[in-house]
Amino acid sequence: MPDLLSPQEWQALALSLKVAFWATVISLPFGILTAWALARRRFWGHGLLNGLVHLPLILPPVVTGYLLLLTFGRKGPVGAWLESWFGIVLAFRWTGAVLAAAVMAFPLMVRAIRLAFEAVDPKLEQAAGTLGAPPPWVFLTVTLPLILPGLIAGAILCFAKAMGEFGATITFVAAIPGQTQTLPSAIYAFLQVPGGDASALRLVVVSVAVALGALALSEWLAQRVAARIGGRIGGRDA
Amino acid sequence: MLEVTFRHAFPGLALDVCFNAPPGITVLFGRSGSGKTTIVNAVAGLLAPDQGRIAVQGRRLFDSAVRLNLPPHLRRAPYVFQEARLFPHLTVRQNLTYGRWFTRAITPDFAAIVEMLGIGPLLARRPAALSGGEKQRVALGRALLAGPEILLMDEPLAALDEARKAEILPYIERLRDAGGPPVLYVTHALTEVARLATTLVVVENGVTIAHGPAQDLLSDPAHAPQLGLRDAGSILSARLVAQEADGLSRLETAAGPLWLPQVHAPLGSALRIRIAAQDVILSRQAPQGLSALNILPATVSALRLGGGPGALVQLALGGEHLLVRLTRRSAEALALEPGAQVFAIVKSVAVAQSDIFSPTPQAPHDAEP
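In the order they appear, the protein sequences are chains A and B. All residue numbers for the first sequence refer to the UniProt record's numbering, where the first residue is 1 and numbers rise by one. All residue numbers for the second sequence refer to the UniProt record's numbering, where the first residue is 1 and numbers rise by one.
Worth flagging that the hints you see were computed from the coordinates, not collected in a lab. Predicted model only: the values in this text are computed from it and were never measured. All residues carry an ideal CB built from backbone N, CA and C; glycine is no exception. Take these hints with a grain of salt, some might be off.
Taking CB as the label site, the calculated pair distances span [as the list claims (entries may be wrong)]:
1. B/Ala-48 to A/Gly-45: 24 to 34 Å
2. B/Asp-50 to A/Gly-45: 28 to 38 Å
3. A/Val-25 to B/Asp-50: 44 to 54 Å
Please construct the entire structure, taking both the sequences and the accompanying hints into account.
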């Protein structure tokens, strides 16, 4: 098995999986909160928040990466603060790659979850309230289970996007092998050296496999959840 | 005891609501768009009125004077909606027990409710696999198991066909007759009023224009036009005393004996009989050689001549009232006026099986101040 890929290729794959995993896990709570606010609340700055969330989708990734560097770099306002108070450094570290991937994937995640929120009938939540459930319980026992398919779709999209993120990542954290060289930047690097085509091609195959695997997993989960909600389990009477 | 007094202004509809109701089923009756649902929403806490006071059994749920507005989950007022609103991701059993997590009150016995509603075989299913009538029964059970201080029902039968309605109505009656929680029930169907209501509240354009014991309001000529002339009718209390050989049943009423096509109930049962105002004929003399079996002596207690060719007459027989709809011309020809002695003729077959209802305990309306 290990012979299939060289150590550097393995490293790139493992790093990408790690970055994508953490990017998904960390953005999930924020994604739920943002999607909920955008779907269910009308507040001052609603349009602004919506625009801000979608910004990484429309900006050139290099611009997003550079803005991250300006903000979260060691001399940036947030970056300097994080380092002096918590000793956390993001620039040119794998944690920075997580941030870049999360920011780039965030709009996709929020869109999927927001659609799910909008599909939940608020009347069900009202009914739960009149049955005595306090709002946090209504959220946990009614809303959350009903948005689960959207939540899964959003998480998988986020994961896939994070696996493939290139522009913002390479701008913010460069492509240091073993540190910040993710799958796409490794493919790019292999293509720059003579004789690297084979390595690049192997990583391309791996990328395609991971993406397809994620898609299949999301389909399977979504079907299971839909079957549960749609009640296709158990018979229908005449 | 349910006390509801509030005002609320919507663009296009100003609500002015005021009624008290004793235990039993209080029916809010009115056209669609008259504001009935808004009234129930205010009791549920889904709407905060501009000003007013809402209390159930002495417990204040809303009082603008002291800025009290309990959130829905603290009101103990579970709501049965027109669409059942069952949780699609939970089984019937989980739906039924949902409200029990949140109440410290002694909730009714799960097995007893399941038995009463006949939903035992459905417990493992999900709502998507239920019929409309089954869904509504589960929704009713879910509300009951939440330990209600008052039960709110907004046209729970409106989305069902006649057969499904007939399937649910007995459960609601049983609830009322078993001394269940007070119910606030919205409908625009007069048959449901006649069958279920202990107290009737008539709503027109957001204003509660009349409220009181259902039997009194239904037989009051002054209110008949608001209730709908076509379906006007009054309710007589009766007791089933004999099943006769020719297939008729003999009932005893305060007004005298009444023969109806066979009533399927145990001998001695107290019944509620709805008699449509247009199915009664009046005569000044005791009629002779008439095919109708039911001839009840009565006194005219009220008379209302409409603007058109119609007239409404309220008769007093024993302690009960009967509403009669006839033409103005007939009323004048018979020289009807309050105090006049008449005979009311009711054709046996005019009373449909669906107009004969199961027992109703007399509501303690006299307790009202």
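Each hint, compared with the structure:
1. The beta-carbon spacing between B/Ala-48 and A/Gly-45, approximately 26 Å, falls within the hinted interval of 24 to 34 Å.
2. A hinted range of 28 to 38 Å for the beta carbons of B/Asp-50 and A/Gly-45 is consistent with their spacing of about 29 Å.
3. Between A/Val-25 and B/Asp-50 the beta carbons are some 47 Å apart, a value that agrees with the proposed interval 44 to 54 Å.
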